[in-house]
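Visitor: Since the structure of chain W is already known, use the hints to place chains H, S and D on it.
4 protein chains.
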Amino acid sequence: MAKFIGIIGGSDAPEGILELAEQVGSLVATRGCVLVCGGLGGVMEAAAKGAKMAGGLTVGILPGSSRSDANPHIDIAIATNMGHARNAIIAHTCDALIAIGGRYGTLSEIGFGLALGKRVVSLESWDVDPGIVAAENPEDAVSKAIA
Amino acid sequence: MAKFIGIIGGSDAPEGILELAEQVGSLVATRGCVLVCGGLGGVMEAAAKGAKMAGGLTVGILPGSSRSDANPHIDIAIATNMGHARNAIIAHTCDALIAIGGRYGTLSEIGFGLALGKRVVSLESWDVDPGIVAAENPEDAVSKAIA
Amino acid sequence: MAKFIGIIGGSDAPEGILELAEQVGSLVATRGCVLVCGGLGGVMEAAAKGAKMAGGLTVGILPGSSRSDANPHIDIAIATNMGHARNAIIAHTCDALIAIGGRYGTLSEIGFGLALGKRVVSLESWDVDPGIVAAENPEDAVSKAIA
Amino acid sequence: MAKFIGIIGGSDAPEGILELAEQVGSLVATRGCVLVCGGLGGVMEAAAKGAKMAGGLTVGILPGSSRSDANPHIDIAIATNMGHARNAIIAHTCDALIAIGGRYGTLSEIGFGLALGKRVVSLESWDVDPGIVAAENPEDAVSKAIA
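Protein chains in written order, with the numbering used here: chain W, 157 to 303; chain H, 157 to 303; chain S, 157 to 303; chain D, 157 to 303.
Be a bit skeptical, because a hint or two may be false.
No distinction is drawn between identical chains; accordingly, a pair holds when it is met within one copy or between any pair of copies.
Calculated cross-link-like contacts (lysine-lysine; reagent style BS3-like; alpha-carbon spacing at most 25 Å) [claimed, not checked]:
#	residue 1	residue 2
1	159	274
2	208	159
3	208	300
4	159	300
5	205	159
6	300	274
7	205	300
Don't read these hints as lab results, they were simulated from the structure.
Chain W extracted, bound-state conformation (with noise of 0.2 Å):
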């Protein structure tokens, strides 16, 4: 079965960010795993368009209620009606994280990932536990998610 690895950040985000995005789903889909976010814009949106290009997957746990809230490069959209709360699914149903950048809804993603025993990894993002470990570039953050 493959790996689905959960790419978490935000909608709104600096060019900088969405590009190392870009690059880490286009790393997740050559590695043949399953690319799963939140399915809006920003990291979300650059990490799906990466995986598309790339040939692979993607699959975007949304907020609201209806498919159409999400990007245009995410194959499976699932409509949780949920907000914030979607983020445990995401963490439920990954085997691994990689936090992109991000504020907030990242740092509750980062939380419910460490509770749940997940590996997530950080490439420019929150680095407040030594449970969370640091990636040097898109290539070392796959590698190591999927490790």
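Guide: Chains H, S and D only, in chain W's frame:
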């Protein structure tokens, strides 16, 4: 965007119901729709099996905390860890629902579908409201769900 | 520990149903039980009003994100931000449910209650399964819910 | 309407943290606020105990499916059956959060609180963002939470 058709029914179902579910799953895939279900056994497994044999894509919205709970015919398993509340996610994320047999969980799902204004088709399932569309056989059920 | 009795029904209900709900709420409080409901208007508000006038305690499990959505007779408002999925929480947290009138949301709640093995009493509400206990009037409904 | 103050922290905590939690709970009640927590042991139980000894009202938003999971100082137990996702409900329903000690679950709760724009006070807990208000002692924590 492909339509998402939710198949709902019990994890423990008689043989005749399972055969109907497999046929419905096959037709959902043949018609180019994504099959969504609760990801477990019984009607969910039979429908997913039918969809996979017809080359379709299957999504399982699981009640538990692990993707490994999914039946072997699920392509994308979502571990919600929310028990029965995951029925609300199925109702939100699907364009239409087809109930096949089923008992109380199915009834809650039908209630959600109707409350959200989704088309709800019943095939040998609950027939308790004029808002539920009765179907005579698998082909009729899928046609009415997609219409 | 006091029993938690869930009162379920529509936010838009005819006068006769609202009167029944207020009487049921009053009796729930008189019998020393905590009244739980969805926290909004209609049957939920009438039942909470009845319970408060009888000196009871009321809990509203709201679908939205703000406690201020609650009707004025709710003591403890819980803002779930989960829409209809909050019905599953009501079913889990109550010892018994009394449905009064109501439409599709009520039907989903009844399905959850039955699926969880909770006692479900119907007063001029859905009568679609032998597992639902029919009540003839408010006193009968509360007695059967508490029994 | 009374303010709802959420106390967050681990179910397993050292004695010094538990004493702080009990004092915080007592002050929350003395100031006329409702104490909300996750309903289990450790910091949640100590805070609820403090609130009850000061005559307050306590609400426990439980991760599991049964009200009987609540510690004995909880007046109103809500069984969500949603595991860690119940942290999002605590964040939505509270006016402010006070984190006392705690690990990863607490971190997810802090993330939610900040994401929702709620005041988040830290007492010997995560100090990872300028948006978190540091408190020096229980009195300081409650004053800053209520301010």
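Visitor: Now tell me, hint by hint, if it's right for this structure.
Guide: Consistency of the hints with the structure:
no. : hint        : verdict
1   : 159 <-> 274 : within (12 Å within a copy, 32 Å between copies)
2   : 208 <-> 159 : both (16 Å within a copy, 20 Å between copies)
3   : 208 <-> 300 : within (21 Å within a copy, 33 Å between copies)
4   : 159 <-> 300 : within (13 Å within a copy, 36 Å between copies)
5   : 205 <-> 159 : both (18 Å within a copy, 21 Å between copies)
6   : 300 <-> 274 : within (12 Å within a copy, 34 Å between copies)
7   : 205 <-> 300 : within (21 Å within a copy, 34 Å between copies)
Going down the numbered hints, you'll see the structure goes against none, and every one checks out.
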